[in-house]
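Protein sequences, first through last, are from chains A and B.
Going by the working numbering, the first sequence opens with residue 147, and the numbers climb by one from there.
Going by the working numbering, the second sequence opens with residue 49, and the numbers climb by one from there.
To be clear, the hints were calculated from the coordinates, so they are not data collected in a lab.
Remember, it's a predicted structure, so these values are computed and weren't measured experimentally.
Among the clues, some could well be false.
[Unchecked claim] Straight-line distance between alpha carbons at most 30 Å, and here's what the computed DSS-like set of lysine-lysine pairs gives:
hint, chain 1, residue 1, chain 2, residue 2
1, B, K166, A, K154
2, B, K96, B, K53
3, A, K312, B, K166
4, A, K312, B, K125
5, B, K125, B, K166
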Amino acid sequence: MAEERPAKWGLVVDLDRCTGCNACIVACALENNVPFVGEDEVAYGRALYWIRTQRYWEGEYPEVTPTFQPVMCQQCGNAPCEPVCPVYASVHSEEEQINLAVYNRCVGTRYCANNCPYFARVFNWFDYELPEPMRSYLNPDVTVRRRGVMEKCTFCVQRIVRGRQKARAEGRELRDGEVQPACVQACPAEALVFGDLSDPESRVSQLARSQRRYHLLEALGTLPRVTYLKGVGNHGG
Amino acid sequence: MRVKKSWWQSGGIRIAAAFVFLILFGGAASGIYLSQIPPEQPIAFPHKTHVALGAQCAYCHPAADWGPNAGLPSLSKCWGCHQQVQKKSPELEKLAGYVQRNEPIPWVPVAIQPDFVKFNHQPHVRAGIACETCHGPVSQMTVALPQPRQNMGWCLDCHQRMRPNDFVRLSDCATCHY
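Excised from the complex, chain A in its bound form:
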C-alpha cells in the first residue's frame, strides 16, 4: 500500500450559519459519554461540556439580536495545555495532529485547564451516576471517565481511528467528509465542517481559506486547528 500522508484534521465554524440550536452539544455529550451534571453543579462552575455555544447580544435593548459562537477545544498546534502537564497526560498526537487527553495518565492537577485560554478543558469533579436505562446508551468506543480526570474535545478521535481502519481494510484512502465528529454530523445548518486541512481540495480547506476566516485569540500564537468564519449578515459579528 502507498505511504499514507498524515492527516491534519481541522474544523471550520461558519458563524453566519450557526443558529445557536445547541444540537452539537447534545450530540457531543451522547457520542463521548459526557455526563450531564445537573443545574447545581453547573452553578458551581463544574459543568461538563466539550463544546459550548457562547451567546453575545448585539445592539441596544429593544433592537437586540443574539449571535452564537460554538467553542470547543481548538486543537492548538502550539498548545498551552501541553507543557504544563506533569505526567504527560496532555500530549500532542503526532499522527492525528491534535491534542490528546490521556485519561489513564491524568492525575487531576488541572494545570492544563488553568492554562487553556479557551476554557475548553473540563474536569470530572465526581463520578456521575447515570440513571438506569441511560447506561445502555454509553458509547462503547469511548472511555467512561472517572472522577478526578481532565477531559476535552478530541475531534471524536474514535471516529477518525475507526474510519481510517475501515478505509485501510478496504485498501483505499479516506474520502473527504467520510469522518465526521458528532457535532458536525448533528449540525442542521452545516455551520460546522470537518476534514483534512493537509488536502488543499477538501471542503474544510477551501472554507478555511475564506476571507471571513479568523482564529480565536489569534494573538496568543496557539495555532488553532479550528477556524471561524465571521458572520457578515445582519446578525453576527
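Given the coordinates of chain A, work out where chain B should sit on it, guided by the hints.
Just chain B now, with coordinates in the frame of chain A:
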C-alpha cells in the same frame, strides 16, 4: 544511661506498619493472581479438540476479520455441528440443555482489556498476525487461558518492530486510548 527511642522505633508503630504492608502486599498479590487464573466457564469448551479436528479460529470467531471484537459463537453455530455429533460427554449434555431452554451460553470473556484501552482485531488480522501471537497456544488449551503480562509494554514491544514510520503512528496515544 538509656537513650530515648524516637517514635518510629517503638514496637507498636512497627507492628502496625508491618500489618499495613502485609495488607497492601497481600491485596496486590491476590489481585495479580486472580487476574491470571482462567475464569469459570459455563461449559469446559475444549479448544484443543476443535483445533485438532481442523476448525479454524475464524470459523467460530469470525468478527475478528471485520470488527473490534472477535466475538463468541452463537448457540446455533455450536448446534449446527453438534446436533449431528453424538452427545455422550457431560459437557455436550450442558450444550443440549442450553439449546433445549433456548438461552444463550453465558461465556466469560478471557482476553479482556480495561475500559480505557481500545483494541481492534481487524487491523491486526489484516496485517497477518496469527491469533496465537497474542492468545497463546490455544491449540493446546481446553478453556482459553489468559495470557500473562498483556500490558502496554507488550503491545508496544510488537509495534516497535514495525517500520519506523509505522511506529510513529502505532505508538501514538490515540491509537489505543480515547
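Next on the checklist: Output the indices of the hints that this structure fails to meet, ascending.
Outcome noted: Of the numbered hints given earlier, the structure breaks just one, which is hint 2.
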